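Enquirer: Single-letter residue listing:
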Amino acid sequence: MIHKFSLFGTNIVMDVNSGAVHIFDDVAYEVLEHYENNSHERIVELLSPKYSSEEIDEAIKEINSLKAEGMLYSEDVYEETIALWDQKPVVKALCLHICHDCNLRCKYCFASTGDFGGQRTMMSAEVGKKAIDFIIRESGSRRNLEVDLFGGEPLMNFEVVKEIVDYAKSREKEFNKNFRFTLTTNAILLNEDIKNYLNENMQNVVLSIDGRREVNDKMRYRVDGTGCYDDIMPKIKDMAQSRGQDNYYVRGTFTRENLDFSEDVLHLADQGFKQISVEPVVAAKDIGYDLREEDLPVLYEEYEKLAYELVKRKKEGKGFNFFHFMIDLSQGPCIAKRLRGCGSGHEYVAVTPEGDIYPCHQFVGNTEFKMGNVMEGKLNTDIQEHFKGSNVYTKEECSKCWAKFYCSGGCAANSYQFNSDINIPYKVGCELEKKRVECALWIKSQGF
Amino acid sequence: MKHVKTINGSTLKDSLKKGGCGECQTSCQSACKTSCTVANQSCEKN
Ligand code: SF4
Ligand code: SF4
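Residue numbers (the working numbering), protein chains in the order written: chain A, 109 to 556; chain B, 4 to 49.
Pulled out of the complex, with its shape left as it was, chain A reads as follows (with noise of 0.2 Å):
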């Protein structure tokens, strides 16, 4: 299979199961076009008007060696692969809803702005350490962890954090364990000394911003209406520069509300920061800010202007890292990672205040999906099960797709909360992904 497209006049051609990437020219590009159902000389004969046929005799020579060395039209050899990386499941990150609470209301907060559908509660340290003595019991021999500390919002809980981070910390050692500890904050409680004790105990944090103050605050307020943009932006700026403008992430959602989202990136980009992530929103259908089929021109547009934007910064030297753009295409994660995606369910769950493990933080609340309780330490192996044996093989509709080994199959909870079935791709998200992909790919093909 090959996934061939043009941007901004750079032809690009993948070949998917091998990975190999490369740049035609128009010969070529065309000469592609044909090349499955004709012969040579047929192929000769169609493009002559418009090309010598020194020319297209080239390229086809050229796409021919390609082809004999593996790099075009090669087989998907992965599939029967699976098997072999069938270990026993193992849980190696956790999502920790460290509060089901929050000082804000956001419009479109999939924890129903902190509650996640049921009462507004804290994690308790305890509940906090059996999470971590859970995780290091499930992790078999994996060394490297992951802990999110998550909420509603983390930073009311925050000497929970504290004692969760300390007690993991001590247990490393005779685990033979490595946590890395990333912390997800809405940013309204930082001050100058938590700032100090997540630059010193988190590899990773996420601070929520959406852009524009006015696309801000629209979606992000507090229980009494008003717009966080002012009060945030300050705290936000300085963490980020306190951290080297690395290891962190101003993380934006956008909606159908601000469909001319590239605005935004481009904004926080201008106020300085280095690593963004602003991505779509998951929302329900019909709610009013989703973003529908009809929404796709528009958003395509964005992501192409975001792209030629990012790129003509790089070459002035003020560049930034938009997350989804990010592709790493000679050290990327092995061909295992990518067929089975994110992990929800098995590699990785979420556990609430009350210790309750659901496959992934999206799915919090929703007790079908109830896997456990910390405090009693079982898993339900058959949610285990379901969510590990989903792969790119087991989705018709990936198994198909040319962007398989970048996006994995994507999200099983967008595909759960639009299809009942985390076997079923959203379509939206599908379609953005490819658009991302393609972007990313074309920004490769200019060197950055």
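Calculated directly from the structure, the hints in this document are not laboratory data.
These numbers come from a predicted model, not from an experiment.
For every residue, glycine included, the Cβ atom is placed at its ideal position computed from N, Cα and C.
It cannot be assumed that every hint is accurate.
Which bits of chain A does chain B cover? Going by a derived footprint, with three or more residues having C-beta under 8 Å, they are [what the hints assert, rightly or not]:
(1) 133–141
(2) 435–446
Below, simulated SDA-like cross-link-like pairs (lysine to any residue); rule was C-alpha separation at most 20 Å, straight line [to be verified]:
(3) B:K20 - A:V185
(4) B:K21 - A:N252
(5) A:K169 - B:I10
(6) B:K16 - A:S438
(7) A:K542 - A:F431
(8) A:K237 - A:R279
(9) B:K8 - A:T118
(10) A:K285 - A:R245
(11) A:K552 - A:E424
(12) A:K552 - B:T9
(13) A:K196 - B:G23
(14) B:K5 - A:D165
(15) A:K542 - A:E402
(16) A:K237 - A:G485
(17) A:K112 - B:T9
(18) A:K196 - A:D241
(19) A:K326 - A:P342
(20) B:K21 - A:Q439
(21) B:K5 - A:I120
(22) B:K16 - A:N499
(23) B:K20 - A:E183
(24) A:K169 - B:T9
(25) A:K535 - A:G396
(26) A:K496 - B:E26
(27) A:K326 - A:M341
(28) B:K8 - A:I120
(29) A:K508 - A:E187
(30) A:K345 - A:G380
(31) A:K422 - A:Q379
(32) B:K16 - A:S173
(33) A:K175 - A:M109
(34) A:K413 - A:K426
Simulated restraints, written as ranges between beta carbons of each label pair [claimed, not checked]:
(35) B:M4 - A:S156: 18 to 24 Å
(36) B:K21 - A:E188: 16 to 22 Å
(37) B:M4 - A:G396: 47 to 53 Å
(38) A:N299 - B:L19: 45 to 51 Å
(39) A:K413 - B:L19: 34 to 40 Å
(40) A:K169 - B:K21: 32 to 38 Å
Please build the complex by placing chain B with the ligands on the supplied structure of chain A, with the hints as guidance.
Expert: Same frame as chain A, now just chain B with the ligands:
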């Protein structure tokens, strides 16, 4: 080659040989929290 410039070789196939250690980061953790792009993760062995 005159008409084709290869910017990346068969890296996926090559990763078959060393892959599967599982020490790498899980995707959602790093930044996204709502959607998934796995290819932007890095391999622990690099
Ligand atoms: S873009 Fe959609 S169809 Fe393609 S791999 Fe991702 S989830 Fe599957
Ligand atoms: S299911 Fe979706 S939200 Fe959950 S961990 Fe996977 S990509 Fe992230």
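Enquirer: The structure should be examined with respect to each hint, and the outcome stated for every one.
Expert: Structure-based check of each hint:
1. 133–141: holds (count 3)
2. 435–446: It holds: at least three residues are needed, and the region 435–446 of chain A offers 12 whose Cβ sits within less than 8 Å of chain B.
3. B:K20 - A:V185: Cα-Cα ~13 Å, so holds.
4. B:K21 - A:N252: OK: K21 of chain B and N252 of chain A at ~18 Å, within 20 Å.
5. A:K169 - B:I10: It holds: about 19 Å lies between the C-alpha atoms, which stays within 20 Å.
6. B:K16 - A:S438: Answer holds: K16 of chain B to S438 of chain A is near 11 Å, not above 20 Å.
7. A:K542 - A:F431: Holds, because 15 Å separates the two Cα atoms, which is no more than 20 Å.
8. A:K237 - A:R279: holds, 10 Å
9. B:K8 - A:T118: holds, 11 Å
10. A:K285 - A:R245: Holds: K285 of chain A and R245 of chain A sit about 11 Å apart, inside 20 Å.
11. A:K552 - A:E424: Distance of about 16 Å is within 20 Å: holds.
12. A:K552 - B:T9: holds, 11 Å
13. A:K196 - B:G23: Status holds; Cα separation ~13 Å.
14. B:K5 - A:D165: Holds. K5 of chain B to D165 of chain A sits at ~12 Å (cutoff 20 Å).
15. A:K542 - A:E402: Since the Cα atoms of K542 of chain A and E402 of chain A sit roughly 16 Å apart, the hinted pair holds (cutoff 20 Å).
16. A:K237 - A:G485: Holds - the C-alpha atoms of G485 of chain A and K237 of chain A are around 12 Å apart, at most 20 Å.
17. A:K112 - B:T9: holds, 14 Å
18. A:K196 - A:D241: At roughly 19 Å apart (the allowed maximum being 20 Å), D241 of chain A and K196 of chain A satisfy the hint.
19. A:K326 - A:P342: At roughly 19 Å apart (the allowed maximum being 20 Å), P342 of chain A and K326 of chain A satisfy the hint.
20. B:K21 - A:Q439: holds, 12 Å
21. B:K5 - A:I120: At roughly 15 Å apart (the allowed maximum being 20 Å), I120 of chain A and K5 of chain B satisfy the hint.
22. B:K16 - A:N499: Distance ~18 Å between K16 of chain B and N499 of chain A Cα, so the pair holds.
23. B:K20 - A:E183: Distance ~17 Å between K20 of chain B and E183 of chain A Cα, so the pair holds.
24. A:K169 - B:T9: Holds, at about 15 Å.
25. A:K535 - A:G396: holds, 18 Å
26. A:K496 - B:E26: holds, 17 Å
27. A:K326 - A:M341: holds, 15 Å
28. B:K8 - A:I120: holds, 10 Å
29. A:K508 - A:E187: Cα-Cα ~13 Å, so holds.
30. A:K345 - A:G380: holds, 8 Å
31. A:K422 - A:Q379: Judged against 20 Å, a Cα distance of about 16 Å means the pair holds.
32. B:K16 - A:S173: Cα-Cα ~18 Å, so holds.
33. A:K175 - A:M109: holds, 11 Å
34. A:K413 - A:K426: Answer holds: K413 of chain A to K426 of chain A is near 16 Å, not above 20 Å.
35. B:M4 - A:S156: 18 to 24 Å: holds, 21 Å
36. B:K21 - A:E188: 16 to 22 Å: holds, 18 Å
37. B:M4 - A:G396: 47 to 53 Å: Given about 52 Å between the Cβ atoms, the range holds.
38. A:N299 - B:L19: 45 to 51 Å: With Cβ atoms ~49 Å apart, the hint holds.
39. A:K413 - B:L19: 34 to 40 Å: Holds: the Cβ-Cβ distance is about 37 Å, inside 34 to 40 Å.
40. A:K169 - B:K21: 32 to 38 Å: Given range 32 to 38 Å: holds, Cβ gap about 33 Å.
Consistency note: the structure conflicts with none of the earlier hints.
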